[in-house]
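Novice: Construct the entire structure; sequences and hints are all you get.
Below are the chains, spelled out letter by letter.
Protein chains: 2
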Amino acid sequence: MTETKPLILISNDDGISAPGLRVLVEEMMTLGEVIVVAPDKPQSAMGHAITVTAPLRLKRSYIFKDVVAYECSGTPADCVKLALDKVCDRRPNIMVSGINHGPNYSINVIYSGTMSAAVEAAVDGVQAIGFSLCDYSNEADFSHTREYIRKIVSNILEQPLPYGTLLNVNFPKTDTIKGIRICRQASAKYSENFMQREDPSGNTYYWMTGKFINMEADDNDTDLWAVDNDYISIVPTKFDLTSHGVIQHLKLMF
Amino acid sequence: MTETKPLILISNDDGISAPGLRVLVEEMMTLGEVIVVAPDKPQSAMGHAITVTAPLRLKRSYIFKDVVAYECSGTPADCVKLALDKVCDRRPNIMVSGINHGPNYSINVIYSGTMSAAVEAAVDGVQAIGFSLCDYSNEADFSHTREYIRKIVSNILEQPLPYGTLLNVNFPKTDTIKGIRICRQASAKYSENFMQREDPSGNTYYWMTGKFINMEADDNDTDLWAVDNDYISIVPTKFDLTSHGVIQHLKLMF
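Keeping their order, the protein sequence lines are chains A and B. Residue numbers for the first sequence follow my numbering, so the first one is 1 and each next one is one higher. Residue numbers for the second sequence follow my numbering, so the first one is 1 and each next one is one higher.
You may find that some hints are simply not true.
No copy labels: a pair is met if it fits in one copy or bridges any two.
What the hints assert, rightly or not - Computed cross-link-like contacts, DSSO-like style, restricted to lysine-lysine with a CA-CA straight-line distance of at most 27 Å:
1) Lys5 - Lys59
2) Lys86 - Lys59
3) Lys65 - Lys178
4) Lys211 - Lys86
5) Lys173 - Lys41
6) Lys178 - Lys251
In short, the hints are calculated from the structure, not lab data. These numbers were taken from a predicted model, which means no experiment stands behind them.
Specialist: Here's what the structure looks like:
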């Protein structure tokens, strides 16, 4: 009897040529059969955007040796939808996203294309994990993430998560990792400060900048604390956004 | 002593010319001082996308009589960020989004630009409500939503929500509304089925279509049930995506 290798679907938001994606592909090839469907251009901060009013294109890519890969004209969420409907000939055992160049901890989770790709898979009932490294550089060193990624994916393949939950994994930049911490999402926000400039025609334009503000700096059970203290953070993440604790309060108001 | 009227910030994802936005502006003018910052083009299904790699434009709009309004080149979330940083000269008392042409109940909340605008305000600590009507038509009849919108916004202005929570309000298409139901987000998903076609050059393209599947059709405490049964659904919605119930389970695994 031949054992079927697990099918692992991979996407990201930095685009098919991103170094972080390549690391993830290499590591997943040690664990199963890999299919890649990734955006044909960078799609950072695309949140959970999907393309409903325009057609999507899918093009075979040969940038990974011995891997079926496609580049897609859409968003990260589009990539996963299209992969599940048109590319995969069987249900993936797991979908992994990343490795993102830059953190997706705390409130970044709602802006993250990396996480939205993973959420998309999870909504469809596929096990899913988003991986991010706290280093925006295109030359980022991912070597310290490799063994942990294998371990985390292997664990979830062995012990799948209940429907409705996926993982948001963030790696600190340091290569002296202290271990893994299971965390909650830190409460934080950006204090916006748009740069205001004039273009050569004298018209005003704005560039988004923002200062990240951790509103729970004293708490040691958050993803922000973990990564700041050289731990890998794993946050079990869900897409039921109901604030259940407020339902009773509202029932009295309406 | 003159009483300052509440400042009400309005945005949407269907764009500044959408009929649903006009209804919301008219109703909010009865409750306070209104500022509109809305996308200059439709931005449906943009999720929580933000624009970090391109400049944003803001242009004064005169389509609403006696209202300060701007159209913005960015996403709904961009509109709110820019409004709070550059347009409003004081903190809004509330931010309202919509009225969306089409439902944002259940899993639609994660794709919705309408809701992402409201979430953006809520993350920044501003009271926020997203309004949607279950009718995609540009000619949709919003008249039955007016009195309820005034009531819901007035209630929240009087009794603000705790930080971390906003409201997701969906109106049924019917004008024989039975009342308001405080609900949880129904578990549902889209069964994707991309239409596959060939363009005039013989190249394949894909159009997203999808069948909406309610996975909790028997439960009467969900937003889907409410709207299907002619109630207005209000779901208290949060942006802490932590699946708190799974943390202990994961601690045993890692």
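Novice: Check each numbered hint against the structure and report the violated ones by number, ascending.
Specialist: 3
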